[in-house]
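Chemist: Put the two chains together into one complex; each comes in its own frame, and the hints tell you how they fit.
Sequence order for the protein chains is F and E.
Note that the working numbering has the first sequence beginning at 255, numbered continuously upward.
Note that the working numbering has the second sequence beginning at 170, numbered continuously upward.
Treat each hint with caution, since some may be false.
Straight-line alpha carbon distances no greater than 25 Å define the calculated BS3-like cross-link-like pairs of lysine-lysine that follow [to be verified]:
no.	chain 1	residue 1	chain 2	residue 2
1	F	K312	F	K330
2	F	K598	E	K201
3	F	K598	F	K352
4	E	K201	F	K696
5	F	K433	F	K401
6	F	K433	F	K352
It is worth saying that the hints were derived from the structure and are not from the lab.
Here is how the chains run, residue by residue.
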Amino acid sequence: MEFSDPLPFAEAQDKLRQRGVLPSYFNTYLWSLVPAEIRERAFFSSQVESAALLNRMKSYIDDYISVARDENGHLKAHGRSQFVADMRELAIREGLGKVDAETGEIIPQIREEDLTDIRSIARLQLIFDTQVEAAQEHGFWLQGQDKDILWVWPCYRFIRIHPVMMPRWYHAENEGVVKRKDDLEFWLSMNRDFGVPWGPWGFNSGMGVEDVLRDEAEALGVIGKGEIVRPIVKQFNERLSASVKDMDPSIAEALRRGTGGTVAGGRLVARERVADTASRMPRLPGRMEPVAVPPRKAPASAKISGLDAHPDAATLRATLTVLDSLHDDGLLGLVKLIATQGVKAVGEYVFSERTGQPLRMAVSALSPWPELTLLHEVAHWIDQQIFGGRDGFGSATGKWAAMARLVSQGETSKELGRMIRSEKSTVGGRRDLYPAAISLLKIQARPEEIFARAYVEWACHESAHPRLLDLLNYADQRTLGGYGLKPRDREKFRLLITQAFEEKGWK
Amino acid sequence: MIPKPRTPEEEEKMARLMAIADEREFTEEEAKEYFLLLGYDETWANHLARNGFPTE
Numbered sequence: 255m256e257f258s259d260p261l262p263f264a265e266a267q268d269k270l271r272q273r274g275v276l277p278s279y280f281n282t283y284l285w286s287l288v289p290a291e292i293r294e295r296a297f298f299s300s301q302v303e304s305a306a307l308l309n310r311m312k313s314y315i316d317d318y319i320s321v322a323r324d325e326n327g328h329l330k331a332h333g334r335s336q337f338v339a340d341m342r343e344l345a346i347r348e349g350l351g352k353v354d355a356e357t358g359e360i361i362p363q364i365r366e367e368d369l370t371d372i373r374s375i376a377r378l379q380l381i382f383d384t385q386v387e388a389a390q391e392h393g394f395w396l397q398g399q400d401k402d403i404l405w406v407w408p409c410y411r412f413i414r415i416h417p418v419m420m421p422r423w424y425h426a427e428n429e430g431v432v433k434r435k436d437d438l439e440f441w442l443s444m445n446r447d448f449g450v451p452w453g454p455w456g457f458n459s460g461m462g463v464e465d466v467l468r469d470e471a472e473a474l475g476v477i478g479k480g481e482i483v484r485p486i487v488k489q490f491n492e493r494l495s496a497s498v499k500d501m502d503p504s505i506a507e508a509l510r511r512g513t514g515g516t517v518a519g520g521r522l523v524a525r526e527r528v529a530d531t532a533s534r535m536p537r538l539p540g541r542m543e544p545v546a547v548p549p550r551k552a553p554a555s556a557k558i559s560g561l562d563a564h565p566d567a568a569t570l571r572a573t574l575t576v577l578d579s580l581h582d583d584g585l586l587g588l589v590k591l592i593a594t595q596g597v598k599a600v601g602e603y604v605f606s607e608r609t610g611q612p613l614r615m616a617v618s619a620l621s622p623w624p625e626l627t628l629l630h631e632v633a634h635w636i637d638q639q640i641f642g643g644r645d646g647f648g649s650a651t652g653k654w655a656a657m658a659r660l661v662s663q664g665e666t667s668k669e670l671g672r673m674i675r676s677e678k679s680t681v682g683g684r685r686d687l688y689p690a691a692i693s694l695l696k697i698q699a700r701p702e703e704i705f706a707r708a709y710v711e712w713a714c715h716e717s718a719h720p721r722l723l724d725l726l727n728y729a730d731q732r733t734l735g736g737y738g739l740k741p742r743d744r745e746k747f748r749l750l751i752t753q754a755f756e757e758k759g760w761k
Numbered sequence: 170m171i172p173k174p175r176t177p178e179e180e181e182k183m184a185r186l187m188a189i190a191d192e193r194e195f196t197e198e199e200a201k202e203y204f205l206l207l208g209y210d211e212t213w214a215n216h217l218a219r220n221g222f223p224t225e
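With the rest of the complex left out, here is chain E (with noise of 0.2 Å):
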């Protein structure tokens, strides 16, 4: 995955999540906002929230 330039505002909401990754896990919520802002599409922003990455 080629990650996506953000905008400040990004970078900030970015920072965010990651000091909440420090505490505790993602809410599905917060996971689907957390891929949306590393360029993944809605659709997979949505899987990966609820289900996290697949493995092989």
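Same shape as in the complex, but just chain F (with noise of 0.2 Å):
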């Protein structure tokens, strides 16, 4: 459902503002065990554990209800598309996402229908209409509550909104039903999702409710002649107060444990999750030094944007001086450079499946290494724009033939490939690397991340800066399988890689 017209009425404002903000990996079943009166005081979204982003759609959907605007006058939300787009982005940032099943990293791409992806469109959407319609649909049940609208409107029509594909057979059974505002259990049997009787009626049910006169109640006999229908508002209150001294003490623990939070006096408080410091891999003292730059017709460095907002800026734009002064960029399409939180996907390149054009080229402010993970990104950017295309990587796809034939002939990819096969390490034969780790290798075996490897390895060794070198050294001895190539392959990536730059008059 679309709110084009928030209604900044005080109980809409103050019901979200009540809320606190609980991030947690919870998913919608365990979330449906909690007591409905901790979810009534809860910001939350299944499986969001960020507290940043939790805050901001709650600052944002605030502005929206309460109409804010800024010192200018101008509203600060303007409503569900900005709140998609604005979303996004900080999800990303967080280094939030689907998950792949089978590696345990964050999927690039993102399904826009799928509702378990945070970055959809279909799931922030969902979020928003939820948000926004509990906000308003509790301020008009609070307004229905007073005793004079009792008297005039005594009872509700459960009605049909707008229509859904799998209606749910309890609300399609009581379409059109009219019911007393005081018939708790029934409104109460009607919102099963969120055990509230006001609406949502569940997530993307389609139903709401009309006001009926008491005339035509009393035609249909809901309702006596001056009978009174009296406010449930104490009665229901009552009602989830208990719902939370009956926790299972199961679910009171998992909650503690799932939100960092504390079941007390009837509230889970949560704590909010500060920036984990601790999260960060220890990085190699030291500081990234700027080299001279010869006179570039299009250098890389002017393709990338937002660099100034990353927290490690500094040593990125010096990172990009190296490799400027290397190659030009030919015909690389502009992208977006963005800063996230991932401590396990610490860089991302993603381009459109549909134009071919960059999305965005992620660096994690908690890399260990972020000038060598740049430089990896960058290696993705140049296989896909100038030799792949839309359908992908040109290592991957054959389009760059003869560097497609070195990354899966290579020492590098053999090597791989045996301690995938075997699941053992070098070393004398024996297994040690667990499920996960041979996930790892997987990836670290596909051509494409074997050509950004040579890449790196590439420009670390063509550019002789001592601070990449000693990061090269230092990111070989901390990943599984090695940083870089094998030995036997440095000398023909270096050589191809030479000789394709300079066919494009790169060099």
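Modeler: This is the structure:
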């Protein structure tokens, strides 16, 4: 449902403001086991553990509902489309997204209709609609509990507001039914997802209510002539409190562990997560110094935007001087660099499979070696933009035939293949790799990943930059299967990359 | 990374950890022990046990 006209009534605003942000790994099923009292007081979304994202969502929706304006009188929150765009960017920065079950890594591509991906349009629209509707519906419900209003409109009719693909059976059976507003059992039975007597009546339920006048309600026999319908706010609140007291201790414990919060006095008090600096892998001491750059027609650094906003801006800028000193960039498409908070996925390059254009390049602020991560992502950018296309990377699709041959037949590929097949390390024929390590090696063995390693190694050696060479060694000692190429491959890759850049007129 | 040679005792520990890996995921303590056996220093073993290997 699209809400084009937010209603800034106090009850709707209060509803949202009273909610505490609750980051948690809980999925929809686990949340359904949590008492309504806690759910009603929490701003959460299934399996979203980022307090920063939830805080931003809540603040945006609060601005939207209250029609807040900035100092220039402009609206702070324009609506659902802006919410989706802003929150998607923040989710990506936070290193959130759908995880590949096999590799445990974030899947770079976003399927827009996938409700399980916090970055998808469908999921973000659902969050916006549900939160706005919940705040507004609660406001309407509270207003409808006034004694005078209950006298004039003592009943609701349960109606379909918009069609849905698969109506819930209990909604379909009760469409058009007129019930007293104080029939708490009935209204709760219509809201099994959220456990409250107001809308929304479930995720994407399409249901709503309309007021029924006393005359009609009496004529239908739903209430007797002159019968008084009383407010049920107190009755409902007492029931909510009881639901917390009766909470299964195992759910309380899981909630405590899952949110880092504590259940106290019938409330779940969440501890907000702060930037987890302990998650940052230790970096090699020292600083990345820039190098002198010869005059360039089209330096690669000019095609990367967003650098200033990165926490490692100075380091990355210095790294780009090394890149510019080595080659031009030819026809690379513009790309935006963003900082993520990824601990596992410390870098990412994503392009559009529809247009072939770059969508983003990401370097995590927690990367143990941001200089190398940037060079690695630049390698993917070049591989896809210059040597590949919409269908992928030139080294993987075979469009860059010589490189595709080398990455699949070189010593590095063979060694990784041996490790994956035998599940043994290179020492002594013993088995010492656990399943997740094998998944990691499978990623490293992909053609585009071997090329990216080769490019990073080429850039480090070609520039002879002392910091980059130290980092290469540092990363090599800390990466399963090594960060760089096998020694026998180095000269072959060096010749091929140099030759390719010379042919392009980039050198 | 160049794996360091292991003593018979370390080999036994690794075999035990591999048997665990066949059954379930490591706890953080087991993962740390595993990464130490692979030859990583204490700091990296701690980080890897907690976060896993970084990918780019």
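Chemist: Name the hints, by number, that the structure is in violation of.
Modeler: 6
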